[in-house]
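Asker: Here is how the chains run, residue by residue.
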Amino acid sequence: MKKAISFGLALVFVLSFFVIASAEPVVKFYGYQWLRYENKVVGSSVDTASDTSQFSIPRTYLRLKVTDTGYEGNITMDINNVQYGQVVATTASAGAVDFAAWLKYASVDFTKVPGLEQIDAQLRVGIQKVYFGTLDVWEYPLIDKEPVDRNGIASSADFGAAIVGRLPMGFGSYELATFSGSGYKKLDTNAEKMYNASLLVTPLPGIYMRGSYIHNITSALGAAVTKDFNATAAVVGYASGPIEGWTEYMTRFDASKASGSASGVLVGWSSYLGINLSDSLQLNAMWMQNNPDTKTVRDDRNVWQAGINYKLNEAVLLQFGYEVDQLKFPNNDVGKGNSTNDAGTANLNYFWAQTKWSW
Amino acid sequence: MKKLVKIAIVAAFAAVLAVPAFAWKFPWAEKASNKLSTQGSTTVLPIAQAEAEAFMKVNKDADITVSGGGSGVGVAALIESSCEIANSSRPMKSKEFVLAKSKGVNAIGTIIANDGIAIVINNGNKATALTLEQLKGIYSGEISKWKQVGGTGDAIVVISRDSASGTFEVFNEKVLGGAKLRTDSLMMASNKEIAETVAKTPGAIGYVGLGYLTSDLKSVTIDGVTPSDATVLDGTYKLARPLFMYTNGEPTGIAKDFIDFILSAEGQKIVKETGFVTIK
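Protein chains in written order, with the numbering used here: chain A, 1 to 359; chain B, 360 to 639.
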């Protein structure tokens, strides 16, 4: 059945070329870059803490958008620094300068597909965002990744095909997608595919709810073993004047992580609050709680973040952030049921300063 | 259970914040009541500029800034609360409405004028009428001789607005309907340029806003309908569209005063003077 769906989407993809007729394409080149400084203190006490500080360019997005009758194409090339991006030279010695370049997004929206156009939907094919919780809508008001990405539940982009549609009367939107399941950095070696569905409802201006689901059966080509992977996210968000925020719940079951001592189930909660004090000054805060495995004792972690954004002008944003990442060492207190004992708790402190400029 | 209570508290808090108003700012971030920022469509730009000048002559304290960028840019600015009025030569798209609502912006559009596109040919051409199908054929290159459509002369010289213009956008949608524009079309940057070129080129055909029709040009009927203010208003002329100003919620304060001014007899006179069609 799933392969039939994949084949059906592929067929629609091919047929879509016949409804494209070009007039005068509009081409737009734009992008942005992050220039970052990070100071990180790791340790459970002053005596054992280690201190690192680092400059980096964790993201350079070069974007090209081509719009014409019947389609819109997008290409995003990401060039980034190794430390915060993807390690391409594992033998690089400390202090070495290295950069990686990735095709982060490369997709075409077919906007006039018969049957879809009539229901205000379009077909999107290629490397695109994965539609899950806050993953694809996070615009980095705080410097670090949003909870889904941080918890490694899903890759932020993947290769596949999606139907992206809107509900009538601006009541919301939805996405139905099939992806490689391998993420955008890897060749698709997944014999089965990942399925992703998401529904956003905006009953009133300022209130929205989103539910997202991923089902993936990972199976290397030719391998007999398959592993179930399911993830669900629910988001409730609000925005009113200068205040916006959301609360997100997520859970994931990964059969490959389940064993006699592990359930393979992750549960996470998070809340974000942003306040625009003025047109140029914004305060942000986020809390994330993450229990990586519900069966493992004392493996949960709490993260608190606070940040200040200052918009110098339309093209330049200055960001400052602070994070406390508190994690508990597994099994230190097995049998005691004493979660207040900090003997096995480590705190990681981060300070960030970042310039984001765009063109 | 405790988590459900947390969600309920957050949801209730959100509802309290969202329901009373959608466009509020902290007192220190409020703009002066005499300041207004409008942004968006380049088609609407000349109307907005002329109206702002006239409005500020009457209201000496008013400080209205008008900028272009395109309808999409204006709508995005409204959603990000960086302008009070988004000028748009098209209705907002459903995905823009969804994004606006999720950002607490209740976008409400007011039609401030109409825009009609007249098909013009050289005065020496005997053609008087075209159908939309013939027009599509001419602009796509399927029809290349005037004798194929009852005109004078041999080759048809096709003149179009450049693809960045809102006028091209509506022409592309309503006439070409996805067909490819003739590759040898002459692309002009303004209505004025098209009018001047058609007036002095015997085999030329072009399209301009109704305000640019002069005795130097001959306009043809489309599907038997003559382009005029009346046929644009009654909907019988097919190459027409409304022009919008979008606000967050019903317009208030100086935004309301400005839009009310545009909708007034004086404001609509300016609409006509700038080459567009009034709303009634």
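If you're looking for bench data, these hints aren't it; they were derived computationally from the structure. Fair warning: this is a prediction, and the values are worked out from it, not measured in the lab. Be a bit skeptical, because a hint or two may be false.
[Claimed, not checked] List of simulated lysine-lysine pairs, DSBU-like, C-alpha gap at most 30 Å:
#, chain 1, residue 1, chain 2, residue 2
1, A, LYS28, B, LYS539
2, A, LYS28, B, LYS533
3, B, LYS533, A, LYS145
4, B, LYS384, A, LYS65
5, A, LYS112, B, LYS551
6, B, LYS551, B, LYS539
7, B, LYS452, A, LYS311
8, A, LYS112, B, LYS539
9, B, LYS454, A, LYS311
[Said to hold, decoys possible] Not everything, but these chain A residues come out facing chain B in the computed CB check (under 7 Å):
#, residue
10, GLY165
11, ARG166
12, GLY241
Idealized CB from N, CA, C, for every residue including glycine.
Asker: Would the pair B/LYS384 and A/LYS65 pass a check requiring their Cα atoms to be no farther apart than 30 Å?
Answerer: violated (34 Å)
Asker: With a cut-off of 30 Å on the C-alpha distance, tell me whether A/LYS28 and B/LYS539 pass.
Answerer: Judged against 30 Å, a Cα distance of about 20 Å means the pair holds.
Asker: Is B/LYS533 close enough to A/LYS145, meaning Cα to Cα at most 30 Å?
Answerer: violated (44 Å)
Asker: Can the hint on A/GLY165 be confirmed by a CB-to-CB distance to chain B that is less than 7 Å?
Answerer: violated (9 Å)
Asker: Need the status of pair A/LYS112, B/LYS539: alpha-carbon distance at most 30 Å?
Answerer: holds (15 Å)
Asker: Is the hinted pair A/LYS112 and B/LYS551 satisfied, with a Cα-Cα distance of at most 30 Å?
Answerer: This hinted pair is violated, its Cα atoms lying about 33 Å apart.
Asker: Quick check on the hint: A/ARG166 CB to chain B CB, less than 7 Å?
Answerer: Result: holds, 4 Å to nearest chain B Cβ.
Asker: Can you verify the interface hint for A/GLY241: is its Cβ closer than 7 Å to any Cβ in chain B?
Answerer: holds (4 Å)
Asker: Hint check: B/LYS551 vs B/LYS539, CA-CA at most 30 Å. Holds or violated?
Answerer: holds (24 Å)
Asker: Tell me if the straight-line CA distance from B/LYS454 to A/LYS311 falls inside 30 Å.
Answerer: holds (26 Å)
Asker: Given the hinted pair A/LYS28 and B/LYS533, is their alpha-carbon gap at most 30 Å?
Answerer: This hinted pair holds, its Cα atoms lying about 24 Å apart.
Asker: Do the alpha carbons of B/LYS452 and A/LYS311 lie within 30 Å of each other, as the hint requires?
Answerer: Holds, at roughly 28 Å.
Hint compliance for this structure: hints 3, 4, 5 and 10 are broken, all remaining hints hold.
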